[in-house]
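Residue numbers (my numbering), protein chains in the order written: chain A, 34 to 530; chain B, 710 to 812; chain C, 91 to 727; chain D, 14 to 183.
No wet-lab data here; the hints were simulated from the structure.
A few of these clues could be false.
[Stated by the list, open to error] Here are the simulated DSS-like cross-link-like pairs (lysine-lysine), alpha carbons at most 27 angstroms apart as the crow flies:
#1 C:K660 x C:K550
#2 B:K736 x D:K131
#3 A:K81 x A:K472
#4 A:K192 x A:K144
#5 C:K114 x C:K257
#6 D:K96 x D:K182
#7 A:K138 x A:K191
#8 C:K660 x C:K482
#9 C:K482 x C:K550
#10 C:K116 x A:K472
#11 C:K660 x C:K697
#12 D:K155 x B:K736
#13 D:K107 x C:K697
#14 C:K208 x C:K290
#15 B:K736 x C:K697
#16 A:K191 x A:K58
#17 C:K628 x C:K697
#18 C:K290 x C:K116
#19 A:K472 x C:K629
#20 C:K628 x C:K550
#21 C:K482 x C:K697
#22 B:K736 x D:K107
#23 A:K144 x A:K81
#24 A:K192 x A:K138
#25 B:K736 x D:K104
#26 A:K472 x C:K208
#27 C:K116 x C:K208
#28 C:K257 x C:K660
#29 A:K144 x A:K191
#30 C:K697 x D:K104
[To be verified] If you want the footprint, here are the derived chain A segments under chain C, 3+ residues with CB under 8 angstroms:
#31 62 to 70
#32 380 to 386
#33 399 to 405
#34 452 to 460
Think of the CB as a built atom: it goes at the ideal place given N, C-alpha and C, for glycine as much as any other residue.
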Amino acid sequence: MNFLSLFVLIPILMMAGLAIARDMKQIRTVAVTFSTLQLGLAIYTAIKYMAERAAGNAEEMLFQASTIWYEPLNIHYAVGVDGISIVMLLLTAIIVFAGVFASWKIEPLSKEFFLWLTLLSIGVYGFFISIDLFTMFMFYEVALIPMYLLIGVWGSGKKNYSAMKLTLMLMGGSALLMLGILGIYYHSAPEGGALTMNILEIAHNNAIPHEWQYYLFPLTFVGFGILGAMFPFHTWSPDGHASAPTAVSMLHAGVLMKLGGYGCFRVAIYLMPFAAQELSWIFLILTGVSVVYGAFSACVQTDLKYINAYSSVSHCGLVLFAILMLNNTAMTGAVMQMLSHGLMTALFFALIGMIYGRTHTRDIREMGGLMQIMPFLSVCYVIAGLASLGLPGLSGFVAEMTIFVGSFQHTDTFHRVFTIVACCSIVITAVYILRVVGKLLYGAVQDEHHRQLTDATWWERLSAVTLIICVAAIGCLPGWISNLISNSLNAIVERLS
Amino acid sequence: METPMIYYIVLSLVMFFAGVYGFITRKNMLMMLISIELMLNAVDINFAVFNRFLFPGQMEGMIFSIFAIAIAAAETAIAIAIIINIYRHISNIDADNLDDMKY
Amino acid sequence: MEYTVFILALPLAMFLLLGLLDSKLKPRVAGILGTMGMTVCTALAYLTAYQFFTQPRNAEGVIPSQVPFNVEWLRFTEHLHIDLGIYLDPISVMMLVVITTVSLMVHIYSLGYMHGEKGFQRYYAFLSLFSMSMLGLVVATNIFQMYIFWELVGVSSFLLIGFYYTKPSAVAASKKAFIVTRFADLGFLIGILILSFFTKTFDFATLTANPTAIISESAGATFLGCSVASWALALIFMGGAGKSAMFPLHIWLPDAMEGPTPVSALIHAATMVVAGVYLVARLFPVYCVTPEVLDLITTVGAITALYAAIVACVQTDIKRVLAFSTISQIAFMIVALGVASDTNLHTGLGYMASMFHLFTHAMFKALLFLGAGAIIHAVHSNEMADMGGLRKYMPITHITFLIACLAIAGIPPFSGFFSKDEILTAVMEKSTFWGVWMTVVAGLTAFYMFRLYFRIFWWKDTDCSHHTPHEAPATMTLPLIFLALVTCVAGFIPFGELVSVNGEPYHIHLNWSVATTSIIVAVCAILLATWLYMKENKKPTAMANATRTLHTAAYRRFYIDEIYLFVTHKIIFGLISRPIAWFDRHIIDGTMDMFAHVTQWVSARIKGLQSGSIQAYVWILIVGTLLIATLTICYCL
Amino acid sequence: MELLPLAQQAIFYLLAIVIVVCSILAVTTRRILRAATYLLFVLLSTAGIYFMLDYTFLGSVQIAVYAGGILVLFVFSILLTSKPGECTEEKSIKQRILGLVAAIAGAAVCAYALFTYKWPEIETQEIQSINDIGHALIGMDKFQYLLPFEAVSVLLLACIIGAIMIARKR
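Based on the sequences and whatever the hints tell you, model everything.
Below, the structure written as structure tokens:
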């Protein structure tokens, strides 16, 4: 058996373990053990991948394996990874690990919570390792459905509304995607050839007629774009994130939204390069708008999670924006931004969850001076904020700069002008981040009751520190990860030229 | 066999649409049931007639009629049981009053 | 000279050490640790300077620049990559000396000044972070490395201004400083993008070796009537203007005085704020190919100089006066760079003058701020009204402050005289108009500095019954004395031999006509200040009343802050952000919700068909069947 | 049956008139018991039609099941659910006219289809005996219907039980 399947298998075993766990202690033991295993596996995969590459293995996807499971449509369970998937797998493993600690005291129904969370992670892992369109789509759906329950049952605020909205909008995206995938399937081979769902084979066949690409590209791009919070289909994100419990917000903003960007690479751009070039300008406008628009919206929000959700809209907009630049550097930046945004937004949501768990409010007008009360959490929040506004030495800077420099290398003036527009977001980001930091952490204590609150517990510290270390590591030593991504992107970029 | 087939069919046609008319204009459920019986009967005649005139060597039509009659009997029995039950509950068997199961 | 890496690595290590061990260390230990680190750093910087300037010159008489350390940090494309390295040339070595010296003084001074403050370790950690970033900025081998450290100094400045984070004014000031400079940095970034797009490099050495590349590569592309090259360089200058507090991006600097005074001395007077000057100097050969941008630089600098000088004359908070004086002095350097039009020794005199002034100004301005710190330490107030007659209580501070004032006023033989004279000479040669303008500003400088001096040390004899001001402890006076000595002798350093526009040695000679004029102007201004402020009297008030409108306007800094407030709150928040947020909630989200509502509405309507009335169903059945039948008959038969 | 063609014709017309008149009366009369009676006439005449078609078995079933069984059920239920002499409520005249129009339109469409369709001419053949019908009902070969037959028997059983269950007093 291919070892990549362990990414799916370990969570399944974890579910089994959770199912027989009897009390909170056992549940935590199982969750920690298995999430550590996943993290180990992800690191092992990354190392093995780089060793293979160093050994001169030039295959597009490594560690491939394939088993047919539905003959009539030629659907395979096909797995394989390249640099982009490796990065995404690492991200997922880190966030799941941190998420477990962030939901140390989740109540009620802790067992069920972890079960659903694990199912969600199965979907995400499966999505990243699949190279068969249908299997990929299936895992995508597996990742979406638990979301509804996780928000609906363990959420806060208008959770029913949010859960319903999120699920329906994402399902709408899936519907477009399904159409797109079927369309691709029926044009996957030249006249008379065997139709296939395998991404690599489809790319190799290069048989999708140009006039069909005009339909299929928007379908798949918008389908994935909805998950990537593309303007104007982003409104599920603020409500959804605001209502979701901490670990779910982390996983959702951190990983699930990246499924969108990843899908855009793997399916929309990679399989339909012609339409990507022809139609990119439309989506470029949309994503460029969402970068600035999200940042402006974040400036006037008062709920911490809303601020962060709009900031995610802005940052994820940047991911799609960079993808559409269709050159290697910008796309590398896009993947790095996915990674960086995943980590720092997870950190944000974890910290917001921890603060909310203490103060029972997320309204920044009702809080203040938290630096004096919970210094650890506040310092972490400042670090997350600085990462978000692109401080050098933290991951946000590296990603954004790669995107901006890459985008600006585009030969078309229109693209360059739009890059400058997108650049403006870094100032606005600074405005809303500092607004929160100034209001929430600095200044005088607003509510005297808050003085009794305690600082982070060890598991919360562990969760936050893990993420901060990753953010700083990428920010300080971006070279290896940038090379890893950019080498894998060559295949995609080659198809574009 | 001088009577042409079309005569029979027209006969059943009249019977059938008399049933249709009755079904949509009567309120009383028993009356509606009677209308249904009329329609069923018309259909039975058609089965038999087509069998007799178009496929004389076979008996599918006739057998179908037999089954239809049997099923009509079963259906009537159940329907009447239900009607009686409804009558017990609301002392009335007008179809207009029975819309609790809508939506 | 590989050891130069440690000049950066040491403060970084200190930052990590002090930052991570925050409350585990005793404050005293943290302070001494930080200071020792900085001492080693300073020693290394001096060693570097010594070795660098004493190395043999090449055939043209130029000291060859060196790159003792360079690693690729992040590769974008084939040509574009960010390196982290150390680039040593005269100006970067000069900056190393300035930064480490001032930083060391501030480290020592803070041991006394910040004694007993909450967050002492944090303070030293931030100081180390700042030193590291600033040093990294000046030794940058490429423009992107500079941008990286540029941002880092920005954030350390933010952290240090907001050091007293429970004070709302400090929080607001730190926010303002960060956002304004961030806005300027946006220009810088865009400038870098444009520049690198055409020249295909970030590297300073490559850029300056072939300065016309930007012109030739952009091939006459224009935008809004100006060439793209001009835009790129103007935008880069915008970044510099933001950091160096040039009008109209200066508004953050006076507010930044909310930070601890030593921080003001280090960051907001001596080092970080000259980063903009340094940036222009670094790219000077490139700027030379776009004279229109240099003109822009001159104009901006001149306006700023006059504006800040006027405002400084009426401020009552001593740190504010110093802040505006800083702005004005930096504007001098900027003007000097702007009037230098070419890379030969004569027309490029302004370059040398600017760097010279940067050097001397760093020393005496740090001295002024540290002296002000000692005064504030003693009287616990920033306001002139609470001071007066302090000369008796704080003799050391008094003398050193006076030396600094004389230096900044341009009185020989103090350092400021020499550098300012070079600047005025350079400006005069370029244009008489700006020359006169700058001389007037120099006079104003002398006036407001002595106004400050007299208001603090003379004016009246304070009533000290409840609290006697006392001289600062040795940790604070030692740096004062050291800096005062430097101020006295710095003017005699053969600066032009070491730093000049093309690296060839330049013999500084005083232009006596300019020098005499400026001395006369300065002395007149000092006399005026003496007449007005030596003894407590009503003349200043009377003058203020006579020019009420002007005085108020100057006191309120010509309402620039109000304009900014209006733009940010009313326009950005009120007219952009809020409408966008509303639009998002009600239009975009409303549309999405509308889909849901329409679905519900339609289903509520359709469910009426499921009425439960059998006869209605039959009706629909009949009508439907008839329709289908009719259609079939009409079309198929 | 060796009836004269004329007689056969005459009987057909007689039956036809009875069927047409009685079915229309059955759906228009306001007395429900009368409606049941008219239905009886219709059913019996239908049996007559079957006899005319030489389907004697079918005719017998028609009389036994319909006329004998179902109608008795009707009469019982009518007597249980209405008082003697009571007239059933009718819908408004408008609805009745609409119903009439619909019925006539339906009939017209069907009649049009019937009359325009070209029926194939088929030679008359010998009619199967009751024996054959019996074999067909309980045989298992092709064109034999044991399974439906058994299914119907189970259905009837279920109906009996179900009807009792539904109609019993609780």
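> Has the given pair, K116 (chain C) with K208 (chain C), been kept, meaning a C-alpha gap of at most 27 angstroms?
Replying inline: The hint holds at about 12 angstroms.
> Is K736 (chain B) close enough to K697 (chain C), meaning Cα to Cα at most 27 angstroms?
Replying inline: Between K736 (chain B) and K697 (chain C) the Cα gap is close to 23 angstroms, so the pair holds against 27 angstroms.
> Does K660 (chain C) pair with K482 (chain C) here, judged by a C-alpha cut-off of 27 angstroms?
Replying inline: Distance ~50 angstroms between K660 (chain C) and K482 (chain C) Cα, so the pair is violated.
> CA of K96 (chain D) to CA of K182 (chain D), is that 27 angstroms or under?
Replying inline: holds (20 angstroms)
> K660 (chain C) and K550 (chain C): Cα distance at most 27 angstroms?
Replying inline: violated (45 angstroms)
>> Given the hinted pair K208 (chain C) and K290 (chain C), is their Cα-Cα distance within 27 angstroms?
In response: violated (49 angstroms)
>> Is the listed coverage of the stretch 399 to 405 of chain A by chain C valid when you require three or more residues with a beta carbon under 8 angstroms from a beta carbon of that chain?
In response: holds (count 3)
>> Holds or violated: K660 (chain C) and K697 (chain C), Cα atoms, limit 27 angstroms.
In response: Measuring from Cα to Cα gives roughly 50 angstroms; hence the hint is violated.
> Does K138 (chain A) lie within 27 angstroms of K192 (chain A) when you go C-alpha to C-alpha?
Replying inline: holds (20 angstroms)
> Does K81 (chain A) pair with K472 (chain A) here, judged by a C-alpha cut-off of 27 angstroms?
Replying inline: Between K81 (chain A) and K472 (chain A) the Cα gap is close to 46 angstroms, so the pair fails against 27 angstroms, i.e. violated.
> Hey, K736 (chain B) versus K131 (chain D), does the alpha-carbon distance stay inside 27 angstroms?
Replying inline: Cα-Cα ~40 angstroms, so violated.
> Does the structure keep K138 (chain A) and K191 (chain A) at a Cα separation of 27 angstroms or less?
Replying inline: With Cα atoms ~22 angstroms apart, K138 (chain A) and K191 (chain A) stay inside 27 angstroms; holds.
Consistency note: the structure conflicts with the earlier hints numbered 1, 2, 3, 8, 10, 11, 12, 14, 16, 17, 18, 19, 21, 23, 31 and 32.
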